[in-house]
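Participant: Spelled out from the first residue to the last, the chains are:
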Amino acid sequence: MSVFNQSRKTVIQLIFLAIVGAIIIRLFFLQVLQKKYKQLANEQAIERKVVYPSRGIIYDCKGRAVVTNDALYDLMVTPASVKSMDTAYFCNLVGIDTAQFRRLIYRAILKNSRFRSSVFIPLLSPEDYGRLQENLYQFPGFELVERPVRNYPYPAGASIFGYIGEVDSATIRRSKDFYLSGDFVGKNGLERSYESVLMGTRGIQYLVRDVRNRPQGPYAGGIYDTPSVAGRNLYLALDMDLQTLGERLMQNKIGAIVALDPKTGGVLALVSSPDFNPNLLRGADRSSNYARLLHDPEEPLFNRATQAGYPPGSTFKPVDALIALNEGVITPAFGMVCLGAYYGCGRVYKCTETKPGHASSLLNAIAYSCNSYFLQVFRMIVDQDHHVEDGLVNWDLHLGQFGLGHRLGIDLPGESPGYIPDTTHYDKVFGRGRWNSCTVVSVGIGQGETVETPLQIANLMAIIANHGYYYTPHLVMRVQGGDKALSSFQVRHEIPQVGESDYQTVIKGMEEVVEHGTAFDAQIPGIDICGKTGTSENYKVINGVRVKLQDHSLFGAFAPMENPKIAICVVVENAGFGATWAAPIASLMMEKYLNDSIATDRLPLLQRLEGADLIPDYIKVEKLKVDSLEKASLRRLAVGSRERMGVASNFPR
Amino acid sequence: MNRKNTTLARGIDWPVVYLFFALALVGVLSIFAVEHREGESVLKTLFHFSKTYAQQVKWLSICAIIAIVILQVDSKFFTATANLLYVAGIVLLLVVLVAGKDIKGSHSWLVIGGFQFQPAELCKLFTALALAKYLSGLETNFRRLKSQVIAIAIALVPAFITIFQNETGLALVYFCFFIPMYREGLPGEVLVVAFSLVILVISALLVNKDLLFIILSGLALVVLYLGRTAMSRHRGRILLVVLIWGFCSSFVMFAVPFAFKHILKPYQVTRINVMLGKEINPQAGYNVMQSKIAIGSGGFLGKGYLKGTQTRFDFVPEQSTDFIFCTIGEEFGFIGCLILLVIYMALLMRIILIAERQRSVFTRVYAYGVASIIFFHMAINIGMAVGLAPVIGIPLPLISYGGSSLMTFTALIFILLRLDADRQMVLR
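Protein chains in written order, with my numbering: chain P, 4 to 656; chain B, 53 to 480.
Since the hints were derived computationally from the structure, they do not count as laboratory data. Please read all numbers here as calculations on a predicted model, not as lab measurements. Treat the hints with caution; some may be incorrect.
[To be verified] Subject to a maximum C-alpha distance of 30 Å in a straight line, what follows is the list of computed DSSO-like cross-link-like pairs (lysine-lysine):
1. P:Lys12 with B:Lys96
2. P:Lys52 with B:Lys96
3. P:Lys86 with P:Lys41
4. P:Lys39 with B:Lys359
5. P:Lys38 with B:Lys359
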C-alpha cells in the first residue's frame, strides 16, 4: 500500500493554500484597506506634546526687567503607577488628608485615565516643592512638572501688567481652537493687549510612548517636530521708580495718577489706587486672592487711570481758554468783574476766589481759577452765532480734537471714552429748543455731564505742554523685533487752528497757578511747573439716596515749562480741594522724575501724603460689611469666582 | 559543489535547509526588533545573553549542532527507536503532571538543572515518528477500522495528557496528524465529519441553543421529505438521519454547554467568545486588538525595520513569543507578511514534494506529519494574530522566541532531511 492515492496530496495542498489564502485576504483587509488601525496605533503610541515657549519679558525705561518668568511646579500623578507607599506621610507632606487624597486620585482617573498623568495639585508653593522633591522617590507614580508663571520683581504695576490665567472656552472658540484648554493667556493689562507678541510660537513635539505611557524618545527622529519660539520682549516707557512712588503716595486713597512723556506719548507712570501686589495673582493661592480682590469694595481690579470717569472740574479751564482764544471770542486781555459769584444766568454760581481783580485778565482768571470768568467765556463760545445748538456742536468738535469724549487708544484693554454731552443729550433731557447756554453752563467749568479719565486729563496737559499736538499715550515703546501695532503710536495728532500765542497765554496762566495761584503747594524749587487744580463736585447713590460726596481733588500739570518732560494728572477721590492733595502728590512725582530724587526738606511732605487715609466713609462701611461675612460664605464667593474665571477646568466635566 | 559531496551533506535537500535558515534568521531579527533599544551595544548584549535575541542566537547555535548530529545518525536509528521514543515521551508527559513546574499558568514545564523545557513540544516529534512507524508496519492494514482507531489513539493520547497540563493549545496541535492519516487512506468522511463538528461547535456557541435545535430539527425534516422516495427503499437511511439529528441536537444542547462549563478554563471560554464576537471583554480582547492594531498600522509597505511603535513599546503582549508575527506585520507591512507566508508555503510544498518522492511509507508519513505540524502552528499562530483564530499560545515555527520550540522544529526538519537522504532505502 505504498502509494495510496496521489490525488490526496493535491487535496492536502489545496487545504494548505486555502487557509493561507484566507489569512492573506484578512491581512489585506487589515493592512491595506482599513485605515483605522494606523490611527489607533498613532493615538496610543504617539503623543503630541505642545512645547510652550517662555513668555516675553517686560522691561521698564531703565532696562530693568519688571515682569519676568519663573517656574512653579505642578504635582502630577499617573494613577496606575501609584503603589505601595506611605500615604499618610505623603498627605502630611502635601498638606491634605487621606479622603482628599482618594478624591484627587479618582478625579485624575476620571479626567485622564489611569495610565496618563494628570495634575494632582497645581502650582505648589516653594516650601511644599522643597519638602516633596527630597522625598519624591518614595512615591512611585508622582512627579513634579515645571509650569511657567509670571514673576514681578517690583511689587507694583499690577493694573498695567495685568495677569495671565487659564484660557476660557469663549476665547478658545474665538481663536478658532488656536488655544487649547489649559493654556495660559493674558487676561488683562499688557499681558492681554500684547498677548500675540508675548506668547511666542508654540512648538509641537511628537513623542513615542510605551504601553505604560513612558516616553521613549522622539517619533521618527523628530522630523515632524516644530520648535517653539520664545515670546518677544516689551520695552516700556514706564519708570518703575516713579510707578512705585506713585503707588506709595496713593496708598489708602482712591484715585489715579497718569504721567506721560509729552514728547512721545509714552506712559511714565500709571497708578490706579487701591493697587495690589501683582504677585498675588500667581501661584497656588491665585484663585482665592482673585476672589478677594474681585469682592473688595475698593475695587482694586478696576483701573481708575484709564477706566474711571471724573468730572474734570477746574482742570478743564485751560481748554476752555484755548477754545475761546481760537474762536476769537476773547483776547488774553479780556477781563471781567467777579466778586465771588456768577449771576449771569439767574442762578448763583459760587467762585472760590473773592479777591477783587482776580478775573481782570485771562492770565489771572486761570491763576485764580475764576468760575465766573469761565462760565461767561463758555457762554460766549456757544452763543457766538446766537444759536446754542450750533455753538455746542462746534464746542464738542473742539473737545474731540483735544482727545476728549472718545478713547485715546492706549495699549491697555478696557479704556473708557469719557463723556462729552452733545445736543442730542440735552434735547433728550430738556426737550428740543428748550435749553440754552445757561442751562448747560456748568459744562464750562468742568462740571455737569462732562466726564474725563485721568488719562485724558494727563493727555490734555501733554497737548498744552507741546503747544498743540500729542501722540497717543502708550506704554510700550518698542517690541523686540519690531511690531506693526506700534505704528499708530507714531502718528502726531495736531490740534488744528489754535495759535502759538494762545498756548503761551494759557501756559503762562498755568505757571501762575503754581507760582502765586491755587496750587502754591505744588512748587518745586528750581523747576517751573505749569498746572491747574480741580475740585469737582460729585454725587453717588448710596442705599437708594443720591448723596453729594466730598469733592474730588484733581491736579493736572506739566514741567518744566520750557521743554516739558512730564505731563501729569492726579485724581484723589472725595479728598477735597485739588490744591490740598492732588497738587502736592503731582509735585512729588514730577520732582522724582525730573530730579531723580526727592529733596530732603520735602520728605516730611512725602510722609504726610503717604500716611494720609482718604478712603471715603461709604467705602469703609462696605469694607466692614465684607470683612464681617462669615468665612463659609467667603469661601463660597471664592469658589464662585473661580468658576467664573475658568480655573475650575481642573474638575472633570 | 564540493560541500555537497562530503559524507555529512550527501543527499541533503538543500532548499529546505535554506528555507529553514531563512525563517530562523527572520526570527532572530524580529526578536531583535522587539527588544533592541537605540543606543545599546549589540555586541555587549550578545556576549552577556542579557536580551532574548541573544538567547535566541544561542539556541540557534545549539540547534545547528543538533542538526549536524542528526545528520550523522543512521536513518535506521529513527525507525528502530520510534516506538521507544514515543513511550519515553508519554512517560515524560506523565512525569510533568507530577513533577512539572507552573510557568504562566501552564503546568507543562520540566526543570532540569536550571534548564527548562516543555516535553509536550518534543512529544510532537515522537508522535510523528511513532505514527509513521505504525502506519509503515507490514502488519498494518490502514483500511481496517481497527488500524485506524489505533493510529488515531497514537496521535491523540499525548494530546489528552497535554490538556491536563493546561496546554490546550499544544494539545490541539495533535489533531494535525489527521492529515498524514488522511493521506494514508483514512476515509475523507472523517475529515468532513470533523469539519462539520467544528461548524456545529461554532454555531452552538454563536446561536441560541433552542433556536439551533429548531433549525436542526427543521433540516432533518427537510432531508427526510426530500429523500422520502430513496428512504422508502432503505429504511436504514431514515435511522441514520434520525441518529445524526439526535447526535447533533444533544451535542448542541448538552455537550457544548457542558464542555464550556466544566472542561474549558474560564479564560479560554472568554477568549473563544471574544474571537466569535459574542463578548466584549477588554482584558481578553486586548491582546487581539493590540495585535490587530500593530499589524494593521503596518500598512502596505510597513513602518520600516526597528521603526514599529506598537511592537517595540510593549503594546502587544507576548511579543517575542506568541505574537511575534505582529513585529513583521508592523515593520514590513502587507508585503513583508506576504513574503513570509510565501517562504512558509515554499517550505511546506517542498516537504510534500519530498514526501511524495519516498519509497518508504515511514518517511512519507513522517514528512506529512512534519508538514502538518508546521502548517498547523503557522496557521493558528498567524490566524490568532490577525483575529481569525482564538488566542491559544502556540509558537510561530522557527520564528518565535523559545528554545524548546526551536529545537523541536529543528529536529523535525533535520530528521526528515536525514531520512530523505536515504530515500533509496525502504525503511520500516
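Participant: Could you run down the list of hints and mark each one as holding or not?
Facilitator: Evaluation of the provided hints:
{"no.": "1", "hint": "P:Lys12 with B:Lys96", "in the structure": "49 Å, violated"}
{"no.": "2", "hint": "P:Lys52 with B:Lys96", "in the structure": "34 Å, violated"}
{"no.": "3", "hint": "P:Lys86 with P:Lys41", "in the structure": "33 Å, violated"}
{"no.": "4", "hint": "P:Lys39 with B:Lys359", "in the structure": "19 Å, holds"}
{"no.": "5", "hint": "P:Lys38 with B:Lys359", "in the structure": "19 Å, holds"}
Figure legend: structure checked against the earlier numbered hints; hints not met, in rising order: 1, 2, 3.
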